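Asks: Produce the complete structure using the sequences and hints provided.
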Amino acid sequence: MEGLVIKVNRSENGTDFGITVSNLSFAYAKAPVLKGVDFHLEKSAIGLLGPNGSGKTTLLRCLLGQVPLKKDQVSVLGWDMAKKARIARTGLGWMPETGGIIPDMSGVAVVAYMGELSGMPARDAMQRAHEVLHYVGLGDERYRPCDKYSQGMKQRLKLAQALVHDPEWIFLDEPTSGLDPRGRVSILELIRDLAHHKGLGVILSTHLLADVESVCQEILVLRDGELMAQQQVDAGAREPRQVFEVEGFGNEEAFLAGLSALGAEVTQEHRLLLVTLDLSTVSGAESDSGFDTGAGVKAILAVALDNEYALRRLRRRPVTLAEEFYRMVEA
Amino acid sequence: MPVYDRGYTHWEPSGGRAYPAWLVIAKRGISEPLKKRWLLMLTLAAWVPAIVKAVMIYVKLKAGDIADLLVGNWTSIDATGFLSFMEGQRFFVFVLLAIVGAGLISTDRRDNGLSLYFSRPLGLASYIGGKALVIMFFYAMVTLFPAYGLCLYAYSIAPDAVGSDLLFLIPLRATFYWLLSGASISLVLLAFSSLGKRSIFVMVWWTIMVMGTETIGTIGKNLLNSDAFEALNFLGNYHNAASGLFSSEARLDVSPWLSLVVLLVWTAAAVFILRKQIRPVEVVS
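Each protein sequence line maps, in turn, to chains F and X.
Each position in the first sequence, counted from 1, maps to that position plus 244 in my numbering.
Each position in the second sequence, counted from 1, maps to that position plus 269 in my numbering.
No lab work stands behind these hints, which were simulated from the structure alone.
Just so it is clear, the structure is predicted and the values come from calculations on it, not from any experiment.
A virtual CB, placed ideally from N, CA and C, is assigned to each residue, including glycine.
A couple of the hints might just be wrong.
[Stated by the list, open to error] Label-pair distances were calculated between CB atoms; the ranges are: (1) X:421 with F:442: 53 to 61 Å; (2) X:541 with F:440: 27 to 35 Å; (3) X:466 with F:520: 54 to 62 Å.
[Stated by the list, open to error] Simulated crosslink set (SDA-like; lysine to any residue; CA at most 25 Å straight-line): (4) F:398 with F:440; (5) F:442 with X:284; (6) F:328 with X:304; (7) X:545 with F:273; (8) F:392 with X:302; (9) F:392 with X:304; (10) F:392 with X:303; (11) F:442 with F:461; (12) X:296 with F:314; (13) X:545 with F:269; (14) F:327 with X:544; (15) X:304 with F:326; (16) X:304 with F:391; (17) F:328 with X:392; (18) F:328 with X:379; (19) F:287 with F:461; (20) X:545 with F:326; (21) X:304 with F:370; (22) F:314 with X:393; (23) F:392 with X:469; (24) X:305 with X:402; (25) F:274 with X:544; (26) X:304 with F:353; (27) X:545 with F:275; (28) F:542 with F:513; (29) F:442 with F:260; (30) X:296 with F:350; (31) X:296 with X:316; (32) X:296 with F:349; (33) F:398 with X:302; (34) F:327 with X:393; (35) F:328 with X:544; (36) X:304 with X:318; (37) X:466 with F:327; (38) F:392 with X:379; (39) X:296 with X:282; (40) F:327 with X:292.
Replies: Given below as structure tokens:
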């Protein structure tokens, strides 16, 4: 029954599966790494972004309770990590960036061993080890000594050991580091599947924006140990000022005059008109969750219709994560 | 559904028994070296002195005191004889523990394994306890278990001649000695193992600790006529400190109490080092 008890008691009150960090500061040998970080995360796919040395790995170690913490600074699954880190870790998986394999053991032995250390009965751990190794694509290689694995296989093995005890959250530190493009895509697909279809919370720490963009719903941006931003990956869509790409033919002068009357700024980019529209001035665009891009599209469409301007293209120009990230980090 | 057909499924606990982390670590630490045939052979070779002693005991029990003239203390089947036996096993203790113990923590440090261990629900005491048990098991394999075997053997061939001490008191003393000395030796060896990331480095330090301190003790005694140097003899101190327990005369020319104090200092230093060195995070100051 112990395995059952361990799994059921993962969250302190049975309902809180989130992560809360309150005014977290941390220093290694008097060198400050994290400075007053605050955030709350619900179980979802989170990207932890920041330049090298910004404190991403240290933040993950704080979430795991691997470093000394003060009371109520970090709460994971409802547990205060200063006091109850060991209990909370039954529901957490960790994939370190470097090392993290145990030589002289086969892949399946390493994963089962980690399962047992997480409180699983030996038989369950071995059964799960086979399952997760198949899931990550190491089914055929599971009996080989893991120190003979290629870099891509080692990354998969590390992901498997993080999953063996079926955690609520997995913390992935640079999971695509050192992988070729194919390996990278394949690992990201696994992570996406876990976060979007299997109900696991994922924190993906990386400096590769494309990785976060393809997997995560929310981002945390760290710079020099400070939390610069916490927002949805597509938060750009909720900003009031949005840029629309417009292409068409007809009475362009009248169309531009109509846009100007709407309060839009227009610039030309090759054949495209880039229309910057402040949605806060468009009636019906503002809602509780932000601004409705559709209202902006409708407004431009109406101007085109009134001025006999036939549209070939009309869409909101996506704000790339890279633009957002650099804007935040350089702010 | 066959395993290879499954995607990711959530774990449904079977209700089986989960072992504590220290036991899981110990189990793995013991079973992995035993898969190496040469190490198994070495462990079995450590039983050769016990087999020889068993033959001697047989001769003594059958030929009486004449055997003592031929083989001296070897035939002794009292507490002193067993302390002598365990003392005689120090070569195997030195070699086997160096092989098994050197990499126990250094390998984890080299491969960032500590980070993995401490991402699981286990603490420092469980980690060190599990690793120490591995060393204590192999220590028992070359000292305690052969001693048990000899006691049983001697009792089985001549129960009237050897008395019930062999079944109860001597094994009890041997177990107590193994427990204390094993725990202390394990902590010292683990402390060395935690200081480096390469097993060879640990082996060098272990060799200096065992052979070096014995050599210094011998040189100090013979060349400088000073018995105090013998207090440095690492393994010798264990046998010397245990002489009271086995109702034997002191094994070194220093007081058993002094040996005990020296060993306590070594053990305390080892605990201090382990607490300082074993962290899930490498701190660069």
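Asks: If a hint holds in the structure, say so; if it does not, say that too.
Replies: We went through each hint and held it up to the structure:
1. X:421 with F:442: 53 to 61 Å: Holds: the Cβ-Cβ distance is about 56 Å, inside 53 to 61 Å.
2. X:541 with F:440: 27 to 35 Å: violated, 49 Å
3. X:466 with F:520: 54 to 62 Å: 57 Å Cβ-Cβ, so the 54 to 62 Å window holds.
4. F:398 with F:440: holds, 24 Å
5. F:442 with X:284: Distance ~23 Å between residue 442 (chain F) and residue 284 (chain X) Cα, so the pair holds.
6. F:328 with X:304: violated, 37 Å
7. X:545 with F:273: It holds: about 13 Å lies between the C-alpha atoms, which stays within 25 Å.
8. F:392 with X:302: holds, 19 Å
9. F:392 with X:304: holds, 18 Å
10. F:392 with X:303: holds, 21 Å
11. F:442 with F:461: holds, 15 Å
12. X:296 with F:314: The hint is violated at about 35 Å.
13. X:545 with F:269: holds, 22 Å
14. F:327 with X:544: holds, 19 Å
15. X:304 with F:326: violated, 40 Å
16. X:304 with F:391: holds, 17 Å
17. F:328 with X:392: holds, 11 Å
18. F:328 with X:379: Roughly 28 Å between the alpha carbons, so the hint for residue 328 (chain F) and residue 379 (chain X) is violated.
19. F:287 with F:461: Holds: residue 287 (chain F) and residue 461 (chain F) sit about 11 Å apart, inside 25 Å.
20. X:545 with F:326: holds, 19 Å
21. X:304 with F:370: The hint holds at about 19 Å.
22. F:314 with X:393: holds, 19 Å
23. F:392 with X:469: Measuring from Cα to Cα gives roughly 21 Å; hence the hint holds.
24. X:305 with X:402: holds, 19 Å
25. F:274 with X:544: Distance ~20 Å between residue 274 (chain F) and residue 544 (chain X) Cα, so the pair holds.
26. X:304 with F:353: holds, 14 Å
27. X:545 with F:275: With a Cα-Cα distance of about 19 Å, the restraint between residue 545 (chain X) and residue 275 (chain F) holds, given a limit of 25 Å.
28. F:542 with F:513: holds, 22 Å
29. F:442 with F:260: holds, 18 Å
30. X:296 with F:350: Cα-Cα ~16 Å, so holds.
31. X:296 with X:316: Cα-Cα ~22 Å, so holds.
32. X:296 with F:349: Cα-Cα ~14 Å, so holds.
33. F:398 with X:302: holds, 23 Å
34. F:327 with X:393: holds, 14 Å
35. F:328 with X:544: holds, 20 Å
36. X:304 with X:318: holds, 24 Å
37. X:466 with F:327: violated, 30 Å
38. F:392 with X:379: holds, 16 Å
39. X:296 with X:282: Satisfied, since the Cα-Cα distance of roughly 22 Å is no more than 25 Å.
40. F:327 with X:292: holds, 23 Å
Going through the hint list in order, the structure does not satisfy hints 2, 6, 12, 15, 18 and 37.
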